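Protein chains in written order, with my numbering: chain F, 5 to 528; chain E, 62 to 527; chain P, 12 to 388.
The set of hints was computed from the structure by calculation and includes no laboratory data. Wrong hints could be hidden among the right ones.
The following label-pair restraints were derived from C-beta to C-beta distances [what the hints assert, rightly or not]:
#1 Glu379/E - Asp89/P: 31 to 39 Å
#2 Thr245/P - Lys212/F: 14 to 22 Å
#3 Ala345/F - Ala478/E: 24 to 32 Å
#4 Gly365/P - Pro397/F: 36 to 44 Å
Remember, predicted model here, so these are calculated numbers, not experimental data. Even for Gly, the Cβ is constructed at its ideal location relative to N, Cα and C.
The residues making up each chain are set out below.
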Amino acid sequence: MIARHGEKVALKERFHQAAWQEKLVMELGRPGRRGVLVPDAGDDIRARAGDVLAGTPESLRRRELPNLPEMSQPEVVRHYTRLSQMVLANNVAVNLGLGTTTMKYNPLVNEFLSRSPKLAELHPDQDDSTVQGILELIYRFGGMLAEISGMDRFTFQPAGGSQGILANALMMRAYHASRGEADQRDEVITTIFSHPANAAAPATIGFKVVTLYPGPDGIPELEALKAAVGPRTAGLMMTNPEDTGIFNPRVAEYVRVVHEAGGLCAYDQANANGILGVTRARDAGFDMCQFNLHKTFSVPHGCMGGAVGATGVREALVPFLPAPTVEFDGSRYYLDADRPASVGAIRSGLGNVQSVLKAYAWVVSLGAEGLREAAHMAVLNNNYLVGRVTAIPGASLSFGKDNPTRRLEQARYSWEGLTADTGVHTMDVHNRMIDYGVQGYFSSHHPWLVPEPFTLEPAESYSQEDLDEFAAVLERVAEEAHSNPELVKTAPHNSTAGASVPGAEAHPAMTWRAFLDVQGQGAE
Amino acid sequence: MGDPATKTVYPYIPNSVPAIKADMLAEVGAATSDELYDVIPTSIRLDRLLQLPEPLLSEYDLRRHVEELLASNRPTSEVLSFLGGGCWPHFVPAVCDEIASRGEFLTGYHDGERSMLGSYQAQFEFQSMIGELTGMQMVSTTTYDWGTAAASSLIMAAQLTGRHEVLLPRTISPTRLRQIRTICGPTMTIHLVDYERSTGTLDPSALSARLSTDTAAVYLEVPSYLGFLEPRAPEIAELAHAQGAILVVGVDPSSLGVLTGPGGYGADIVCGDLQPLGIHMSYGGGQAGFIATPHEERYIATCPTLLVSILPTEHEGEYVFEWVNFEHISYGLRAESHDFAGTAQTIWAIVAGVYLSLMGPQGMRDLGETIMQRGAYARSRLSEITNIVTPVFDAPHFKEFVVNFEGTSKSVAEINAALRERGIYGGKDLTTEFPELGTSALYCVTEIHRKQDIDRLVAALAEVLR
Amino acid sequence: MPIRVGLIVNPIAGMGGSVGLKGTDGPAVVRRARELGAMPRAAGRAAAALDEVAQADIEFELLTCAGAMGEDSALACDLHPSIVYRAASSDTSGDDTRGAAQAMIAEGVGLIVFAGGDGTARDVFEAVHDSVPVVAIPAGVKIHSAVFAVNPRAAGDLVVGVLRGRISRTREAEVMDVDEAAYRDGRLSTRLYGYLRVPDDARLVQAGKVRSRSEDSAADDLALAVVDTMEPETIYIVGPGTTTRRIARHLGLDSTLLGVDVVRDGQMLALDVGERQLLDLLEQNRRARIIVTPIGGQGYLFGRGNQQISGRVVRAAGIENVVVVATPAKLASLGGRPLLVDTDDEELNRTLAGFATVTTGKGRRSVYPVEFPRGTS
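One chain only, chain F, in its complex shape (with noise of 0.2 Å):
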């Protein structure tokens, strides 16, 4: 495969991962071994608390001291520091195989910001008055995505995707409800592409799923969505462009059909960044919608509070949000949880507010030229990737003899020609490409469609060389499947740990004192 200009890409012939063979943390340390000490309360204290340990109930009091590792500070820190070596994380390796999950670059600047006591040390409870300053940020950064998506109002507490989808059900349900319809409507349709979670979500609460097949173009067609719909439909759940990069041009055709059946409409945008600033959820005529802060919107993934499912609907069902919602009231802001109507409250507080901070000060360093810019150059990245993988002998775009049209930000692959010719599938294929330094990458969601699938979504931070040395790597893998098979399938080979024992996963323990007894059995 050639770069530009005639330059051979190189690969990393000799990589190998951190090996540091690190023991378990239960395994680590010696009697005694202290990592940090507790301030001491002082006699004061203890003169007047007495012995309180005795005081608690019998029934309660712990008799022996819990088993924990007894460890020096030093050795801890060696310990994670190492563990943290052995991780090809976004920010050590390329992980644009990740598909659907939008690895992108998270800003450290932002991090930083995070970590301010200002907003560290502040506790939820805290009167409205002494956080003016956050609540302005989180009622700003609503405001900002009600102009990204056309939607009305945002909340913020869902604490991840599948947590907004909940919300989307939830507030589905109630709507109907407050139309007397929710015994009569409740069937959720959404597509078999989508996140397990649209249809795990409504399941979950109740409602009956119905799941569309794609058509031979990808896209379920729309006399299947009319089949679907009827007296019974509550909503519909979609997501667009789906995980195989397809955009289903007649979505606002779609999103009528269920309209007049009564149903809502809620757009999972779990695959937006590729048309922040191109095409809304309003203008296809979605009720409601839900980003994924951690993907889209820089937040990271493993993050310092984690995900945000930020769940926005238009101005009808905006009394069915989930309380407490953050409101203005042209002086200060405030704190509302005197909401009857709404669904309640999924998780406490406003949710993962760190993570509001992160995706609000990313937006605001890009502004509205700077989103579009993003999204255009994740879908030129993608396009630019699709041309060099779909070169590879034994790969092919999924659907793209009947689908020619681009892909978006992401595209679903087959190695079903390359499975045929050398028994080498997807999974093996997987397994190798970390040989050579690059994360391995996203298959589908279960059950596969697309046979020996791989999904990839460079997104906009990955550098043109990325995008060469990884699609240099699959070419190279695939030609090893043909000439050593057995060295592809046995892969990987310079990693950190060896291969599990087959069949272990048939008696799983999740915990270390459940591993030795499960091993003490003979089970293995």
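Since the structure of chain F is already known, use the hints to place chains E and P on it.
Chains E and P in isolation, oriented as in the chain F frame:
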């Protein structure tokens, strides 16, 4: 295409250099990046720029802006605070801050047992430590917070028993109650059980009256939201089990150095929040929930989070760790949740593991003891103020306690406003959510409250209430 | 202890196709095919599958039949089998397939690998039933059975997966057979013969070591979901299939494995009925539902293996009373191809075509395209 010299190049977008962009467009066969969107019909294309504030392109301007925005906040690092109620002020060791900011842990996602070994191992180690603290050897990956964990535990109980009614104590955290109502309400019936006014603890006869063969679960909080300890927990477990119901216990893990794991008194499912274990409050963003049960197939099968298991490798003494999903064997409520979002709180699980490794067994015991000592001191000193009553409940307490101001002529809102003027955040106002307690507030005292801090509170209150 | 694997190659399977003959049942047809210069394909395809296994370098015992019925293919891959069966003549037949399988079972094989077509699958089934799982290498002209791997290499890969312990579960797959004489006369008539157990390779539908629901478990849950929706005083015409036959099991009833049964009010009304009986029952009962599931590897809802549910039966019950059930994995295995309907009523086929609502679980439905085939297939 415009003069390259005037086009903005963005630091986070490497290919935004016009020459690079042009090169890539050429390879892709498009004249402009707009062409890449041909599939989107013009009827739904935005034909204007989004209306957003002018960008702050330089990092310096961005920092100034956000810092100025936050400047008016008055955090608990500047104001002496006695607020608790589910989010607590604790000391965060520097090692925890360091590991929490490691880019490898922050920017990783979860994929592949060997390319992510470090984060999975840290996750498994955390699970093992929570297992030791709770006495439960099946520990989930994190959920969003205690309330979500409690709701999920109750849904598990419904699946396991085939029943749909749950009993909660009337002293349950109001936020957690709201969450349980929101998440479980659509498919389950929720009843609140009365407590004994003198001790705060669950009234066994009230519980027995409510228990039936429709009861899926009884839920208990130890310590209670209102801070007291529930000495009759084993009796409550027996009552629940006698009716075939499951006992779910919600815990504050900072208490488990001095209190026994709930497995020890009959809990079937344990849930709780990790925030006290080395995680900053962040205006409520520091929460992370967990679920722990005995290591049994039926719990493994119904747990609605991904589970991380240890797996031996071909090398002796070497392990890898992997997500293992399990068959749902119950045919009741099918919460068929492939809930990947739970992993987003994983960084907190890692930090909690670091904290517990630093503290060790003796540290957790010291922590529990010093918290109880400082709380006892606070109650004793506050009792010196004639017109307030504390503790309201005649029971042992941990970390929090109710203070009653009925004897004063002021509302908690007024008292707290006056305290704020003196640079103190008073305890959370309980008047609306627990009207039967009268004019009351929930005060939290942890290892960060020194003698002089508590004395200052007492002096300030005495002055305010004069 | 290394696992014992049996190998059976049907040497004449697949010969007819390349010279335009439909299948190779019967000596007369075989001689004709040989005369036309057809080379035995099955042996080559079996070798391609075995090559995968040989390359994986796993310790196992291979048991096979002398000569063209397996030994040749094994030796071509440097494998060293034990011979447990010898055909009496070079004109091998179904008796030989059955005899070989029985010999292997007697030797305690843990897996039987065979190369052939639907006819071979039928013969293997008659000897094996569900006692031992099989891996089927496609080498025949007509492949309607759902037991076959996608291609020889995939079959070899399945064997490797089983030998390495990576695949530990099995699932049921339909064995279909076509009436040969009718076929050559231009009439297509398939029959559901039975179910063989094949390795359940989760890796074909998802990544990694995710220990998810087995296909058997999904079929069970689906059948239970159907039972939950059954109404009183309604007859349920239950077609054959791996999912539908579990309906009777959940009701605690015996059922015909391969035929059409009729249930009402939790009782078995009639077993293994034909078209005539169905029409009579429909006349006697005002309310009826027909429950069908795609049978075989092609996704047929009507016309392959359940011809008793004829066009007249569907019309008598009412098209709106047809209930289609299928597990999500079954739908996914269609790879985007539509479900197919081929009753004896062309007009009805046209009406049924479009979209079907498929029940895939409790409270779960899918809307899936349905077509009718044009021309025989």
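Each hint tested on the structure:
Between Glu379/E and Asp89/P the beta carbons are some 34 Å apart, a value that agrees with the proposed interval 31 to 39 Å. Between Thr245/P and Lys212/F the CB atoms are about 20 Å apart, so this pair conforms to the stated range of 14 to 22 Å. Taking 24 to 32 Å as the suggested C-beta distance range, the pair Ala345/F and Ala478/E conforms, at roughly 30 Å. Look at Gly365/P against Pro397/F: about 39 Å separates their beta carbons, and that is inside 36 to 44 Å.
Checked against the numbered hints listed earlier, the structure breaks none of them; every hint is satisfied.
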